[in-house]
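Residue numbers (the working numbering), protein chains in the order written: chain D, 1 to 333; chain Y, 334 to 607.
The set of hints was computed from the structure by calculation and includes no laboratory data.
From the three backbone atoms N, C-alpha and C, an ideal C-beta is built for every residue, glycine too.
It cannot be assumed that every hint is accurate.
Unchecked claim - Derived SDA-like pairs (lysine to any residue); straight-line CA-CA distance at most 25 Å:
id, chain 1, residue 1, chain 2, residue 2
1, D, Lys321, Y, Lys566
2, D, Lys332, Y, Leu432
3, Y, Lys471, D, Gln26
4, D, Lys120, D, Leu326
5, Y, Lys577, Y, Ile600
6, Y, Lys513, Y, Lys577
7, Y, Lys495, Y, Pro382
8, D, Lys332, Y, Asp436
9, D, Lys332, Y, Ala466
10, Y, Lys449, D, Pro243
11, D, Lys332, Y, Ser477
12, Y, Lys471, D, Gln228
13, Y, Lys566, Y, Arg552
14, D, Lys332, Y, Gln599
15, D, Lys295, D, Leu314
16, D, Lys295, D, Leu152
17, Y, Lys566, Y, Glu372
18, D, Lys332, Y, Lys566
19, D, Lys332, Y, Glu561
20, D, Lys321, D, Leu152
21, Y, Lys449, D, Ser230
22, Y, Lys495, D, Val232
23, Y, Lys585, Y, Asp436
24, Y, Lys449, D, Leu326
25, D, Lys332, Y, Pro382
26, D, Lys321, D, Thr282
27, D, Lys321, Y, Glu475
28, Y, Lys471, Y, Lys495
29, Y, Lys471, D, Ala163
30, D, Lys294, D, Val232
As the list claims (entries may be wrong) - Stretches of chain Y that chain D covers, calculated by requiring three or more beta carbons in the stretch to come under 8 Å of a beta carbon on chain D:
id, stretch
31, 477-483
32, 559-572
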Amino acid sequence: MSTLRQRLFSRLSGSRFRTTSQGATQRKTVTFGDGSAVSSKVLISVASVLVLLVIWWAATHKWGLPDGFAEQAERADRTESPEGRFSETKLVRACKADPDCSYSQLFNHRTLPSPVNVLKAVNELSTDGWRQNTLQAHTWASLERVLIGLLLGVAVGVPIGLAMGLSSVLKSLFDPIVEGFRPIPPLAFVPLLIIWFGIGETSKVTLLFFAALWIMIIGARSGVLSVQLSKVHAAYSLGASRPQVLTRVILPNALPEILTAVRVSLGVCWGTLVAAEIVAATEGLGFMIWDAQKKLRMDVVVVGIIVIGVMGVLLDLVMRKLETLLIPWRGKG
Amino acid sequence: MSVVNDETANLSVSALGMVYEVPNGEPVEALNDVSFSLEQGRLLTLLGPSGCGKTTLLNILAGFLAPTSGTVTLGGSPITGPSQERGMVFQQGALFEWLRVSDNISFGPRMNGQRKRVSKPLVDQLLATVGLAGFDDKRVYELSGGMQQRVALARCLANDPKIILMDEPLGALDALTREKMQGLVLELWQNTGKTVVLVTHSVEEALYLGDQLFVMAPRPGRIERSYELPFAKIGLSTSPRELKASPEFIEKREEVLSLIWEMEEQIMGHEDGR
C-alpha cells in the first residue's frame, strides 16, 4: 500500500486519526453533536482563505476606482468645501456624477489598498524601508522588546508565583499586590512610564515586563497548586529534602502551566507592544502603521497589520512546538 | 533476604487518637485509642467502611499526619515525619510522569546522593523483580495501570525501607490485573521479608494478602476485630483461584462481609436518623 497516498488522503480529508480510528470515525452514525467527529478539512480552509483574497482583490482592484479618480474627487472636494476636508459623501457624489464610475467602486488606495498594492508595498518596505528602517528592522525592533520584556517577566514572576504557592506568609504578602495590579490593562501605565523613562526602550520593556509579570505569577502559582499531594508525599517518603521536592517534583509538575502562562504572556505582550508603539516610538511595527496612517499610506498600514498578525501566529506556533518538546508528559500525569 | 527477626523494624502503636476539627461543626474522631504492635515481616491488611480511619492510620504511620494523642514508634524511635525507612505505594502510583521508568525507580537512591550510573544495576534488578525487565527507558504514561503500580512497587523497594505502607495500591486496577498484582505483592513480601501494611476496600484482597487483618469501624474510627489468617502463606504455593474458592476462604469472607455489612447498615441508619 502506498503510505504516502494514505497520508495525503488523511491530510486532505482532514482526519487527525490514522487508519483504524479514522475508520471508526467514518462508521459513526451520530456525528452531529459529537465533538470528536468534527475535524478540520484542509481543502475547505484553503478555499475560505482564497475566497477572502478574491473578494479583497475584486473589491479593490477589479471594481475599484480608476487610477487618479480619488485624487480628482479629493481636489473637487477641496474646492467645494473651504476647510478642505476630505469627505466620503462627496466622493460618493462625484462617483455618481461620473459615467465611468459605478457606485460600488468605493474602495480606493486611500481607504483599502488592493492586494497588488500591498505586495508592492512589501517590496518597497523591505528594500527602501519606512522612516530609515526596513520592514525587517521594524519587526525585529518589536520582537526584541517583547522577548526582553517577557524574559524579565518570567524571571521575576515564576519565583514569586512558586513562593506564593508554597508559603502562607508570601502568599498573603503578594496576594493584594497581584490581585490589585492584575486587572489594570498594562497600557494604562503608558503615560506614567513615558514621564519616567521617556519614549525609549526602557519604558516599553518595563511596560511589557508588567504585562507578563502578573500572568507569570498566576501561572506559576496555579502550577504549584495543581501538584498532586501524593507525588509530594511519595518524594518525601523516598528521602527527598525540601529543596529536592521543589526542584525535582514541584517545578517539573508546574512546568506545563508555566509554559502556558508564557504563551499567554507572549500574546498579551505582542498586543500591548503594538498599542504602546502607536502611542510613542520611533521604530517598530506599531510605530510604522501609525506613522503611515498619518501620511495616508494605507498600503503600508495593511502590510503592518498583516505582519503583526503573522508574527503573532508564528510566536504561538513556536511556543506550541516548545511545549511538545519540553513537556511531552503534559496532561498524562 | 532477611529472615531473622529484626527488632528495628517492629512497629508499635499505642493509644493512638486523631481528632479533626471541623469549622462550624462537631469535631470528627477519625481514630480512637488504636493500639497494636506489628513484628517485622508481617503483612497487615486494614479493611473497613469509609470513614473508619484506615487511611488516616496509614498516613500517621507514614508520618504525613501527626496524631492528636498516642505514640507510634518504629524500632523504638518515634515517627515524626516522612522518612525513607517507611516506603509508600499509593492508589494512583503517584509516579513522576516527567521521568522515565528507570529514573522513577532510582529516585530514592538519587535523592540520597547516589549517582544515576551507580543505581543502574539496582534498577535493572528491581525491574526484573516486578516483571518489567527492559522497560527502563519507557515513559511512565506509556505503561498500563498495572505496570505503573509495578514501577511504584519497585521505586519503593529501591530505598530498601524497613516497612512498606500501601494505600489501596490495587484499587484502581481491573479485576484480572488486580489478581495478578496480588500475587506479585505476596511474592515481594515473601522474598524481601519486609513488614507491609496494606489498606484495601476489597474483603477478598484483605483476606488473601493479610496474614493479619484488622477490620476497622467508624465513628469513632477504631479496630473492631483482628484476625490471624493463614491464606497469605498458603497463597504463595497455591493458585489464587483455587485458594479463593476453598471453603475456609469463603467462610472467612462471609464472616467479614457480614461484619462490614452490619456496620454499613448502622451508618445508614445513623445518617437517616439525622
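> Going straight from one Cα to the other, do lysine 513 of chain Y and lysine 577 of chain Y come out at no more than 25 Å?
Replying inline: holds (13 Å)
> Hey, lysine 332 of chain D versus glutamate 561 of chain Y, does the alpha-carbon distance stay inside 25 Å?
Replying inline: violated (41 Å)
> Regarding the pair lysine 585 of chain Y and aspartate 436 of chain Y, is the alpha-carbon distance no greater than 25 Å?
Replying inline: violated (42 Å)
> Has the given pair, lysine 120 of chain D with leucine 326 of chain D, been kept, meaning a C-alpha gap of at most 25 Å?
Replying inline: With a Cα-Cα distance of about 41 Å, the restraint between lysine 120 of chain D and leucine 326 of chain D is violated, given a limit of 25 Å.
> Does the alpha-carbon distance linking lysine 295 of chain D and leucine 314 of chain D stay inside the 25 Å limit?
Replying inline: Measuring from Cα to Cα gives roughly 29 Å; hence the hint is violated.
> Does the structure keep lysine 449 of chain Y and serine 230 of chain D at a Cα separation of 25 Å or less?
Replying inline: Cα-Cα ~24 Å, so holds.
>> Does proline 382 of chain Y sit within 25 Å of lysine 495 of chain Y, going by the straight-line distance between their CA atoms?
In response: With Cα atoms ~28 Å apart, lysine 495 of chain Y and proline 382 of chain Y exceed 25 Å; violated.
>> Please verify whether lysine 577 of chain Y and isoleucine 600 of chain Y have alpha carbons no more than 25 Å apart.
In response: Between lysine 577 of chain Y and isoleucine 600 of chain Y the Cα gap is close to 29 Å, so the pair fails against 25 Å, i.e. violated.
> Regarding the pair lysine 321 of chain D and threonine 282 of chain D, is the alpha-carbon distance no greater than 25 Å?
Replying inline: Violated, because 33 Å separates the two Cα atoms, which is more than 25 Å.
>> Given the hinted pair lysine 471 of chain Y and alanine 163 of chain D, is their Cα-Cα distance within 25 Å?
In response: Between lysine 471 of chain Y and alanine 163 of chain D the Cα gap is close to 33 Å, so the pair fails against 25 Å, i.e. violated.
>> Please verify the coverage claim for the stretch 559-572 of chain Y: does it have three or more residues whose C-beta sits within 8 Å of some C-beta in chain D?
In response: The restraint on the stretch 559-572 of chain Y is violated, since only 0 of its residues have a Cβ under 8 Å from chain D and three are required.
> Does leucine 152 of chain D lie within 25 Å of lysine 295 of chain D when you go C-alpha to C-alpha?
Replying inline: Cα-Cα ~36 Å, so violated.
Checked against the numbered hints given earlier, this structure breaks hints 1, 3, 4, 5, 7, 13, 14, 15, 16, 18, 19, 23, 25, 26, 28, 29, 30, 31 and 32; the rest are met.
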